[in-house]
Amino acid sequence: MATTEWNRRHILSLEDFTAAEYDIILQTAASFREVLTRRTRKVPTLQGRLITNMFFEPSTRTRSSFELAAKRLSADVLNFAPGTSSLTKGETILDTAKTYLAMGTDMMVVRHQQSGVPQTIAWELDRLGAQVGVLNAGDGLHAHPSQALLDLFTIAQHFDPDAPRTALLAGKKIAIVGDIVHSRVARSNLWSLTACGADVHLAAPPTLVSKPFADAFASESGSLSVHWQLEPALENADIVMTLRLQKERMSSNLLPSLREYHQQFGITRDRLALCQPHARIMHPGPVNRGVELSSEVMDDARISLVQTQVTSGVAVRMALLYLMGGGKSVA
Amino acid sequence: MATTEWNRRHILSLEDFTAAEYDIILQTAASFREVLTRRTRKVPTLQGRLITNMFFEPSTRTRSSFELAAKRLSADVLNFAPGTSSLTKGETILDTAKTYLAMGTDMMVVRHQQSGVPQTIAWELDRLGAQVGVLNAGDGLHAHPSQALLDLFTIAQHFDPDAPRTALLAGKKIAIVGDIVHSRVARSNLWSLTACGADVHLAAPPTLVSKPFADAFASESGSLSVHWQLEPALENADIVMTLRLQKERMSSNLLPSLREYHQQFGITRDRLALCQPHARIMHPGPVNRGVELSSEVMDDARISLVQTQVTSGVAVRMALLYLMGGGKSVA
Amino acid sequence: MATTEWNRRHILSLEDFTAAEYDIILQTAASFREVLTRRTRKVPTLQGRLITNMFFEPSTRTRSSFELAAKRLSADVLNFAPGTSSLTKGETILDTAKTYLAMGTDMMVVRHQQSGVPQTIAWELDRLGAQVGVLNAGDGLHAHPSQALLDLFTIAQHFDPDAPRTALLAGKKIAIVGDIVHSRVARSNLWSLTACGADVHLAAPPTLVSKPFADAFASESGSLSVHWQLEPALENADIVMTLRLQKERMSSNLLPSLREYHQQFGITRDRLALCQPHARIMHPGPVNRGVELSSEVMDDARISLVQTQVTSGVAVRMALLYLMGGGKSVA
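Chains A, B and C, in that order, are what the protein sequence lines are.
With the first letter of the first sequence counted as 1, position 205 gets the number 206 in this note's numbering; the numbers rise by one all the way through.
With the first letter of the second sequence counted as 1, position 203 gets the number 204 in this note's numbering; the numbers rise by one all the way through.
With the first letter of the third sequence counted as 1, position 44 gets the number 45 in this note's numbering; the numbers rise by one all the way through.
Hints are computed from structural coordinates only; laboratory data are not their basis.
Mixed in with the good hints, there may be bad ones.
Put simply, identical chains are the same to the list, so a pair is met inside one copy or across any two.
As the list claims (entries may be wrong) - Listed next, the in silico DMTMM-like pairs over lysine to aspartate or glutamate satisfying Cα-Cα at most 25 Å (straight line): (1) K248 - D96; (2) K173 - D163; (3) K248 - E92; (4) K173 - E232; (5) K248 - D300.
Just chain A, same shape as in the assembly (with noise of 0.2 Å):
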């Protein structure tokens, strides 16, 4: 396995992510996809090391994907909760994480709402020279870069299920719907579709998206544009990726109602009709069904990869964690 470019000891954005790194990662997480179809689906690749989840923000579902990772993977698993934390207890965040140190952690994993926390961590452990990486697992609204990298392995598996690669990207028409503004999972997204040369076309009502919120994502590669409805970015479009819509929005007045925002940019068969005849819909999750999709378009197999990626989930952030912990032969 060719890791002998990888250099990286945390994983915090892919704002500096080179096409090389990606076609590593997608390398490396087709192996291990291909371990998960195993009867045992289990390597001894991390047997020993300790990995600690550290999710300030709760999250059942990435919290379940990276413990089921590390497990696939061999390794000990720490989960920190921090409702019965010492965090309450007058502790800042970075003694926590040196607390864990301590106690032999070889990865963090690092969710919280505020963005900046992950890249702090890691700042404090390169500066007391501690070998640990740190992965983010979303960071206010900043970043979430497993989420992207695994809908970027979801995408070139899609195009090429043997040998998915950066290059099945290039010219892809993908289409990004929904509260793009305050969404950490499409700021990932945008440095690593444009990366890899997609031509990337933004749809969301006005007070979710904006043409210099999209410039300062501008590449070489690839190409970004801005819409204020959907039917431009539908159109032969290859893949749609929708955004989980906060409820939240509402009160404070950027969206009228979730029945009008799913009038105008809910994902239906009929506005399919649109798109490339192969086109598929993904959806980090978790759905608000009839929100950002029908249930009709969600639950068609044929339409929606919305449980792809949940299973690319676990293969993607095993492949990380291996690339982190300098792994050398996979199983």
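With chain A's structure known, arrange chains B and C on it following the hints.
Leaving out everything else, chains B and C in the frame of chain A:
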């Protein structure tokens, strides 16, 4: 091991279980019971497999028992906890189940406060063509098959520690005392005990058991009687199964007071004199001391099988997961 | 390894521990400390054994440390969490313990807000003839032996990294500063430090330490003094152990304010000038920064042993579980 006749992917209710199936479970559980007496109480049977505990209704005791059974079989375990979950984010129960399916779950252990949820999940998984088994760990007032099966194992093993089998129950008088009509444990036990030919006697106040209720469980093999007093049920009984009294029954006026309940239906040493000399007391736990049982009875290891039930629980749940997993050799 | 002299099934208090026993623990912990520096930081010592963490009083830090120690020894672990437990259903603590005993628990790690609960569980298990050890992970104001033992290991290892032993503590001046009278950590440390011959100096406001309190811990080996000012305790001290200040002490009028406490008893770089040049600071964590310690002192790795204590914690807890399990060869 005679698992050739085992054809069930799911265990949802005991309604249509045959004596042959009960015997396979008893025999398999006996061999795991032996494994649990070794110094290394573990077998590699389900290594690399994934069991997800989905306890929508919280339960430390039953979840611990299933978690331990899975670990003793060397499976990986994910615990889904509804409190911190996506359900609060608008995801349906089936979406949650499909997410864990997509992560690679091999078996789901499901508890829910509403009757029918495990069945609904099982139907959906079958519809999707998933080769994934669902084990009902208690749904509403409907069923709690693993509890009834561990009760069956406890009774059969009591009569013959070396070869627990259904034939041992034929003609034995088994009293079931307490809040029968609201008990999923009682319902599941009624299917198994009558199918094994036991002579079952129900005892409860008229608000907590009725003749039409009992008629629903009539069987050719065993016999079933209803009493509104305790004494006729205890007379010459071999086994007395007590049920947990939910304190909310009082507020709905089904019971006058816990004190009065204990005076009429509580099991005390005096009342046990009515039973067979070798009679034993059971309870699914946790016990309300001084209500269903006097502390004196509960703590007398010569009379009480309550701890044995807990021990049986791990062995029986190992057997169920093993059989659902299509297992071959045990150790 | 010299475990021939180890005869304790339970570790509940250090009150009657001998220097020989402390030396066995230090020596065993040192060998596990070495295991924890290997690439695969795991030994198969307790494979197939079951350790149940029963934390009636929640604690992420201590529970994580015990959970990790158990996993490093390859044991299976069950975590009992009171929030979702049967205790709210009327079950007694002893019933809970007996349930986990019946599931096959080999060792119970018990924390409870009331003094004496681990002892009560241990008595009950002994009465039942169970061969199950109880480790007190903190009970009320009474004791926290594993914390004191990891403190002892940290100190001994500081004086001789290669061969930590009790003899190294003879005549060393150790200051204990803070809320001594309400601290189970201080109580346990007083037993161990005086038994090892240290010269212990307590410093606290008169509301938080008294001479009669100290007299209870008088020993032939070490010496013990009480000061109501910080300075005489710090003068020429080799080690300064600080204790966590519970903020509720202020509401009960035992302290004027955190600010005033820090002015009189907080450890700052200036005050450390009174100590030996090589003096080190300890704290059981979590630290109230700017109260017990200035951030400057706490974050100075040349002065603070706080992180070392956390690392020692895993090794010492492995040693305790190993010794209680009647272990033979370590690796």
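Mind listing which of the numbered hints don't hold for this structure, in increasing order? Per hint list: zero violations.
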